[in-house]
Amino acid sequence: MTLPDSPNIPDMSARAASTGAASTGAASAAPTTKGGARQDAAERNLATERSLGAEKVTLGYDARRIVENLSLDVPQGKITVLVGPNACGKSTLLKGFARLLTPSAGQVVLDGQNINSMPSTQVAKVLGLLPQTPIAPDSITVSDLVSRGRYPHQSWLRSSTAHDDQIVDEAMAAAGVLELAGRRVDELSGGQRQRVWIAMALAQQTDILLLDEPTTYLDIAYQIEVLDLLMDLNRTRGTTIVMVLHELSLACRYADYLVAMNSGRIVAAGEPSDVVSAELVREVFGIESLVVPDPISGTPSIVPFSRHHRPVAGD
Amino acid sequence: MTNKPVTRTLRKRLRTRTLWVCAVFFVLLAVLFSVTLLLGEAGLTAREVLDALTGRASDLTRFVVLELRLPRAAAAAIVGVCLGVAGAIFQSVLRNPLASPDIIGVTSGSAAAGLVAVLIFRLSGLSLMAVVVVGGVFAAVVVGLLAWRGGMQGFKLVLIGIAVAAVCTAVTSYLMTRVELRDATVAYTWLTGSLASVQVDTVRVAGLGAAICLVALGLSTRQLRALELGDATATSLGFHVEQSRIWVLALAVVLTALAVGVAGPIAFVALMAPHIARRLVGGTSLSLAASAAVGGALVSGADLVAQYAIPGTAFPVGVVTGALGAPYLAWLLSRTSSSQPGGNS
Numbered sequence: 001m002t003l004p005d006s007p008n009i010p011d012m013s014a015r016a017a018s019t020g021a022a023s024t025g026a027a028s029a030a031p032t033t034k035g036g037a038r039q040d041a042a043e044r045n046l047a048t049e050r051s052l053g054a055e056k057v058t059l060g061y062d063a064r065r066i067v068e069n070l071s072l073d074v075p076q077g078k079i080t081v082l083v084g085p086n087a088c089g090k091s092t093l094l095k096g097f098a099r100l101l102t103p104s105a106g107q108v109v110l111d112g113q114n115i116n117s118m119p120s121t122q123v124a125k126v127l128g129l130l131p132q133t134p135i136a137p138d139s140i141t142v143s144d145l146v147s148r149g150r151y152p153h154q155s156w157l158r159s160s161t162a163h164d165d166q167i168v169d170e171a172m173a174a175a176g177v178l179e180l181a182g183r184r185v186d187e188l189s190g191g192q193r194q195r196v197w198i199a200m201a202l203a204q205q206t207d208i209l210l211l212d213e214p215t216t217y218l219d220i221a222y223q224i225e226v227l228d229l230l231m232d233l234n235r236t237r238g239t240t241i242v243m244v245l246h247e248l249s250l251a252c253r254y255a256d257y258l259v260a261m262n263s264g265r266i267v268a269a270g271e272p273s274d275v276v277s278a279e280l281v282r283e284v285f286g287i288e289s290l291v292v293p294d295p296i297s298g299t300p301s302i303v304p305f306s307r308h309h310r311p312v313a314g315d
Numbered sequence: 001m002t003n004k005p006v007t008r009t010l011r012k013r014l015r016t017r018t019l020w021v022c023a024v025f026f027v028l029l030a031v032l033f034s035v036t037l038l039l040g041e042a043g044l045t046a047r048e049v050l051d052a053l054t055g056r057a058s059d060l061t062r063f064v065v066l067e068l069r070l071p072r073a074a075a076a077a078i079v080g081v082c083l084g085v086a087g088a089i090f091q092s093v094l095r096n097p098l099a100s101p102d103i104i105g106v107t108s109g110s111a112a113a114g115l116v117a118v119l120i121f122r123l124s125g126l127s128l129m130a131v132v133v134v135g136g137v138f139a140a141v142v143v144g145l146l147a148w149r150g151g152m153q154g155f156k157l158v159l160i161g162i163a164v165a166a167v168c169t170a171v172t173s174y175l176m177t178r179v180e181l182r183d184a185t186v187a188y189t190w191l192t193g194s195l196a197s198v199q200v201d202t203v204r205v206a207g208l209g210a211a212i213c214l215v216a217l218g219l220s221t222r223q224l225r226a227l228e229l230g231d232a233t234a235t236s237l238g239f240h241v242e243q244s245r246i247w248v249l250a251l252a253v254v255l256t257a258l259a260v261g262v263a264g265p266i267a268f269v270a271l272m273a274p275h276i277a278r279r280l281v282g283g284t285s286l287s288l289a290a291s292a293a294v295g296g297a298l299v300s301g302a303d304l305v306a307q308y309a310i311p312g313t314a315f316p317v318g319v320v321t322g323a324l325g326a327p328y329l330a331w332l333l334s335r336t337s338s339s340q341p342g343g344n345s
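So the protein lines, in turn, are chains A and B. Heads up: the first sequence begins at 1 in this note's numbering, then just goes up one per residue. Heads up: the second sequence begins at 1 in this note's numbering, then just goes up one per residue.
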């Protein structure tokens, strides 16, 4: 089954293209001083060019290899979504990107360098992570937690300045949690809490943001809210986003680049409308399904069959 | 942003509140310290005590104040500060409100080593203290190595700590059953934690060691606050998680061992002080300064109660902290079962 052309897909790629143009424009607009352009980009909160990729990495826990010999170039300034069944290695791959796991073979490369040999603080200024189950200390307040996103930019000699605190305010405003600033994190709802964690990642001001299932445990309204917030971040600042999502149809909506994984390898990767089909869903998840255009976004939408629910008139 | 700064204001408010709590408890500590200097069987007046401190009193008065009362007052403050800070670090880093050096084996290791030193080798003073510190560090290393499997996990470490503590307690109990009655009384007083027979040189060494550890911890505040966020977030913020954790825990172990070296294993202070400090400061996760102030005031106050609450009967200070601490622990447990266990949410 193929997707009919939808007006939204060209629109989306046009938006992606314009972000790309904006970032290259910023770099070429100032031929005299390259540093000036970079500073300008930083002031306008725009991401500078970064490259992130996995080169033939093998990742796992102890002797158990989950991901083997996998290569992936993360498209810059785009939203990349990793999908696949449980234990397919998508979270493991994300942990490799985030330095939570060190590859036993191959390497994760950030801006041309092996990420595990780079100074940790330097990486932290470029690459942020929202883990699957982040831990908030007892009774910490929202602004205190979000402030800690500034740590990579500080040292024991230089603690929080007024400038840092202003960035924290802006991050909370962008994530819609500014009015919660004085509240305790453990008193908030799941959706609010997740936005607080995103605010912390925003305060870190990284050009690349990794998220491990940012919508887990959230109801549908909060899922949309969080994903919209991430898309805003990508479209307005050009932040490269890599995330693991479970909900396939939502993944197709928000992904510029979809990576489908199974048994530790990449089965397909590309724009969702190019790669998602009933065959792919069968190969990756082992279920029969109908892939139809999402009536709202035009992106592929996956309607699964089940033992009790099959198409009435056959395919 | 044209709005008024939110984070800045909240940060200042929290800082002010922390300063107030610390100020109140340090003033309380100073008052208790002075009272310890003023009270006693010798019945000295305030004038005489002041003269002794400035070196203008008689030899006897100077001996009473400088050799008996001052070391005791200083020891109470130092031991309290050490235990308060060590407890705060253990609870925070292991993300467990019940993780305190008493429970996870450090104190028991020190105590067992100390008892061997007292009963078998007849050590006292600095040599006893050295054995106690080595015992505590050794127990901590054993716990650390057993809990280590490609990384340290808080919960596992606490359970292994409890097991190691049980082994140490078995050693202690065995020794207690084998000694003469007279020795057993001395040993048991030491095991309960007592400031009655502190010595000037051990207090000096403990004070110096504690000062070094506290300065080192002050410089590691960022690491402590990052570790609170869990390994994944701390790593993504650019911290070397395992290194930081081992470093701050090692400092906490040394602080605990120094405290035990001065006064024996005083119960519950390391567990109580950080909880009280956190409740009072509120809205923050960890305040080493407040835990230090509360710990110091607790031990100083408990020692005064131990000495003077019942005229003619002096308890070891550990009896008082235990008697206060056990009900507090029960209350804490009854509360944590209704809400979350604390630490991770």
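Hints were generated in silico from the structure; no laboratory data involved. All of these numbers come straight from a predicted model, not from anything done at the bench. Wrong hints could be hidden among the right ones.
Quick list of the computed label-pair ranges, beta carbon to beta carbon [said to hold, decoys possible]:
(1) A:305 to B:166: 54 to 64 angstroms
(2) A:189 to B:327: 51 to 61 angstroms
(3) A:219 to B:240: 49 to 59 angstroms
(4) A:163 to B:121: 56 to 66 angstroms
(5) B:240 to A:61: 16 to 26 angstroms
One-sided excerpt, in silico: chain A residues whose CB lies under 7 angstroms from chain B [said to hold, decoys possible]:
(6) 99
(7) 103
(8) 106
(9) 118
(10) 120
(11) 121
(12) 124
(13) 128
(14) 129
(15) 131
(16) 143
(17) 152
(18) 169
(19) 285
(20) 287
Think of the CB as a built atom: it goes at the ideal place given N, C-alpha and C, for glycine as much as any other residue.
Going through the hints against the structure:
Evaluation of the 54 to 64 angstroms hint for residue 305 of chain A and residue 166 of chain B yields a pass: the beta carbon distance comes to about 57 angstroms. For residue 189 of chain A and residue 327 of chain B, the Cβ-Cβ distance of about 35 angstroms falls outside the hinted range of 51 to 61 angstroms, so the restraint is violated. Distance hint check for residue 219 of chain A and residue 240 of chain B: the Cβ-Cβ separation is about 37 angstroms, which falls outside the suggested range of 49 to 59 angstroms. At roughly 60 angstroms, the beta carbons of residue 163 of chain A and residue 121 of chain B sit within the given window of 56 to 66 angstroms.
Separated by about 20 angstroms at the C-beta atoms, residue 240 of chain B and residue 61 of chain A satisfy the suggested range of 16 to 26 angstroms. Checking residue 99 of chain A against chain B: minimum C-beta separation of about 6 angstroms stays under 7 angstroms; hint holds. For the restraint placing residue 103 of chain A at the interface with chain B, the shortest Cβ-Cβ distance is roughly 15 angstroms, beyond the 7 angstroms limit, so the hint is violated. Against a cut-off of 7 angstroms between C-beta atoms, the interface hint on residue 106 of chain A is violated, since the closest Cβ of chain B lies about 20 angstroms away.
Because the beta carbon of residue 118 of chain A sits about 10 angstroms from the nearest beta carbon in chain B, more than 7 angstroms, this interface hint is broken. The beta carbon of residue 120 of chain A is positioned within 7 angstroms of a beta carbon in chain B (closest approach about 5 angstroms), and the interface hint is therefore held. Residue-level restraint check for residue 121 of chain A holds (minimum Cβ-Cβ distance to chain B is 4 angstroms; threshold 7 angstroms). Interface restraint check: residue 124 of chain A against chain B, minimum CB-CB distance 3 angstroms, threshold 7 angstroms, status holds.
Annotation: residue 128 of chain A was flagged as interfacial toward chain B, and the flag holds, the nearest CB pair being 6 angstroms apart, inside 7 angstroms. With a least beta-carbon distance of about 4 angstroms to chain B, the hint placing residue 129 of chain A at the interface is held under the 7 angstroms criterion. Interface hint status for residue 131 of chain A: upheld, as the beta-carbon distance to the closest one in chain B is roughly 4 angstroms, under 7 angstroms. A distance limit of 7 angstroms between C-beta atoms decides the matter here; for residue 143 of chain A the minimum to chain B is near 5 angstroms, and the interface restraint holds.
Because the closest C-beta pair between residue 152 of chain A and chain B is about 4 angstroms apart, less than 7 angstroms, the hint holds. Because the beta carbon of residue 169 of chain A sits about 5 angstroms from the nearest beta carbon in chain B, less than 7 angstroms, this interface hint is met. A distance limit of 7 angstroms between C-beta atoms decides the matter here; for residue 285 of chain A the minimum to chain B is near 27 angstroms, and the interface restraint is violated. With 7 angstroms as the threshold, the beta carbon of residue 287 of chain A stays out of range of chain B, its nearest partner Cβ sitting at about 31 angstroms, so the hint is violated.
Checked against the numbered hints listed earlier, the structure breaks hints 2, 3, 7, 8, 9, 19 and 20; every other hint is satisfied.
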